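A.B. asks: Residue-level listing of the chains:
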Amino acid sequence: MTADTAARGAVLNGVMTDQRRSLVLWSIALAAIATLYIGIYPVMGVEDMSAMVDDLPEAMVNAFGYDEIATPAGYITSTVYGLLGPILLSVFAIGTGTRLIAGQEEDGTLELELTAPVGRARVLLERLGALWLNITLLVGVVTAVTVALVILLDLDVAIGNVIAGSTGLLLLVAGFGTVGLAVGAITGRRTIGLGLAAGLAVLAFVLDAIGPTVEAGWMTAISPISWYLEGRPLFTGADWSGLALLAAVPLVATVAGIAGFTRRDLMT
Amino acid sequence: MNDVVIRTQGLVKDYGTVRALAGLDLEVDRGEIFGFLGPNGAGKSTTIRVLLDLLRPTAGRAEVLGAVPAAGGPALRARIGYLPGELAMYGHRTAGQLLRYLTRLRGGAGSDGIRPLAERFGLDLDRPIRGLSKGNKQKVGVVQAFMHRPELLILDEPTSGLDPLLQREFLDLVTEARDAGATVFMSSHVLSEIEDVAGRVAIIRDGVVVDTDDVRTLRHRAGQLIELRFADQVDAGTFAQLPGVEDVAVDGSTLRCLLRGEPDALLKAAAAHHIVAWSAQDRELEDLFLDFYRAPADDRRAREVTY
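Taken in sequence, the protein lines are chains Y and U.
Going by the numbering used here, the final residue of the first sequence carries number 268, and the count climbs one at a time with no gaps.
Going by the numbering used here, the final residue of the second sequence carries number 1307, and the count climbs one at a time with no gaps.
Keep in mind that a hint or two might mislead.
As the list claims (entries may be wrong) - Straight line, CA to CA, 20 Å or less: simulated EDC-like cross-link-like pairs of lysine to aspartate or glutamate:
id	chain 1	residue 1	chain 2	residue 2
1	U	K1268	U	D1287
2	U	K1134	Y	D54
3	U	K1137	Y	D54
To be verified - Calculated from the model, a selection of chain U residues having no Cβ within reach of chain Y, i.e. all distances over 10 Å:
id	residue
4	D1029
5	V1068
6	E1086
7	Q1097
8	L1102
9	T1212
10	E1262
11	A1265
12	I1275
Said to hold, decoys possible - Residues from chain U that face chain Y, not an exhaustive set, calculated with beta carbons under 7 Å:
id	residue
13	A1070
14	A1071
15	G1073
16	Y1090
17	Y1101
18	R1120
19	G1131
Just so you know, the hints here were simulated from the structure itself, not pulled from any lab data.
Since the model is a prediction, treat every value here as computed from it, not as a measurement.
Every residue gets a Cβ at the ideal spot worked out from N, C-alpha and C, and that includes glycine.
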């Protein structure tokens, strides 16, 4: 890697240039959704929601985390941070992550880069860096909208707690994206990366949702969604052990991805 | 040791159970234009991908500029210009943006080479790649392979997609690069595309090099098509035995055959008859090339002995 002639960040910059259009569209969509959901909170009325939740079966309330929906932190968790944010951002992260190595290897657009004087590990790391930068920017958009509305609508949520929630959200979805990128880099097949990463994400949601209901502690113990939300970051701030577990996922995936990508045949 | 730029010894590459290269031996000397010929699927691109460290050999050894491709890594690839056989590029960028991006991957090497090459080939750098024709995309490929004046050019089917005028221009560019000291390794499935510039040629078939020779020797080996018209009927049998004479066909008083080597014996035998007319036509190298494809391995070996 020391012999690379490429300027530091050349690959990362190239990917960011290609991603500009998609990044702008996703930013607008996420900002609109976050604004819509948080913006209607004051209109809905606390009593209405409490009454609505009381009517629901208890299992469902637990599964969707609606037990605290009447509070601003609970409402924002149940809508933006616990549901739409993770789902939409996971779609972006996994879709983009699997395309950045496996997808572009399959369609041949990676060939000129891989035959340039850039090492394979460097190609992977800079492309991964670009993925994280993209996701960080999108989580930043969600965070900015949330903080702005919390201040504007005078909601009872500490800004520090929003930041803590955003950190968890970033690690969660970027972790899924990294798994997608790494599996794609190891196998060279985008569909395998998509399948495994999306499967992991769905499993994480399902285990987190049904774990408390069926009283199976192991389910929430192994679900990244539980690592992210069980510490109730928007109420209590950063849950360091949860964040550490979330950070371990992309780290392991990255190490495995580099090991696989530098050893195998590239079929650009 | 420095004189050999590309060397493969017993190179084997398997894709699962399919053997793409079956013990490929190749030596390309510094400063030559080396043609690498074979039909589609013979293993040309696989060989090239091993040289560029996209593929790792199953067995055998490859060396490029004195280094094993995987060990040479980025530093080795900095000295190579590569034109892929099937060029895929990003859609949203313009040709100029992509080329400038590729020079950044080379630490800036070649940034001054883009404009002159683009002008030479009439490539509009401001147009998005997505809207370019196949020929224009191929021009982008040519520019990025040559822009940094590499010591070794590896060109996979470089003339495909270029119209005849540009093919000429491209072959001039290849010759100029060679004159400037570069080594050129170019593959093709059509010999006529490279026979004017290539010094030596290797013919690959089913993952093995079946013949390596000067283009001149190959042309000699291709032989001549001889037609002799006699005043009387002649007997095919007496001519078929002659050295260097093959494929004798007699149609009444006209004899046609393939002659490789000296015409002496044929002419002396023919002189016993009254010759009305004669012609000798150089065979296209293409025909020789086809001989190698058609001949099963055993038959080919038998024929090589008789050369």
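A.B. asks: With chain Y as the partner, please determine if U/Y1101 meets the hint condition of a C-beta pair closer than 7 Å.
C.D. replies: Holds. Min distance 5 Å.
A.B. asks: Holds or violated: are the alpha carbons of U/K1268 and U/D1287 at most 20 Å from each other?
C.D. replies: Not satisfied, since the Cα-Cα distance of roughly 27 Å exceeds 20 Å.
A.B. asks: Minimum C-beta separation from U/L1102 to chain Y exceeding 10 Å: can you confirm that?
C.D. replies: violated (6 Å)
A.B. asks: Holds or violated: are the alpha carbons of U/K1134 and Y/D54 at most 20 Å from each other?
C.D. replies: violated (65 Å)
A.B. asks: With 10 Å as the threshold, tell me whether U/V1068 passes as away from chain Y on beta-carbon distances.
C.D. replies: holds (14 Å)
A.B. asks: If I take the minimum Cβ distance from U/D1029 to any residue of chain Y, is it greater than 10 Å?
C.D. replies: With a cut-off of 10 Å, U/D1029 remains clear of chain Y, as the shortest Cβ separation is near 23 Å.
A.B. asks: Minimum Cβ distance from U/A1070 to chain Y below 7 Å?
C.D. replies: violated (9 Å)
A.B. asks: Could you check if U/A1071 really has its C-beta closer than 7 Å to a C-beta on chain Y?
C.D. replies: violated (11 Å)
A.B. asks: Given U/G1131 as an interface hint, is the shortest Cβ-Cβ distance to chain Y below 7 Å?
C.D. replies: violated (16 Å)
A.B. asks: Looking at U/A1265 again, its CB stays over 10 Å from all of chain Y?
C.D. replies: holds (53 Å)
A.B. asks: Does the no-contact call for U/Q1097 survive, Cβ to all of chain Y over 10 Å?
C.D. replies: violated (8 Å)
A.B. asks: Straight-line Cα separation of U/K1137 and Y/D54 no greater than 20 Å?
C.D. replies: Not satisfied, since the Cα-Cα distance of roughly 64 Å exceeds 20 Å.
Of the numbered hints stated above, those contradicted by the structure are hints 1, 2, 3, 6, 7, 8, 13, 14, 18 and 19, listed in ascending order.
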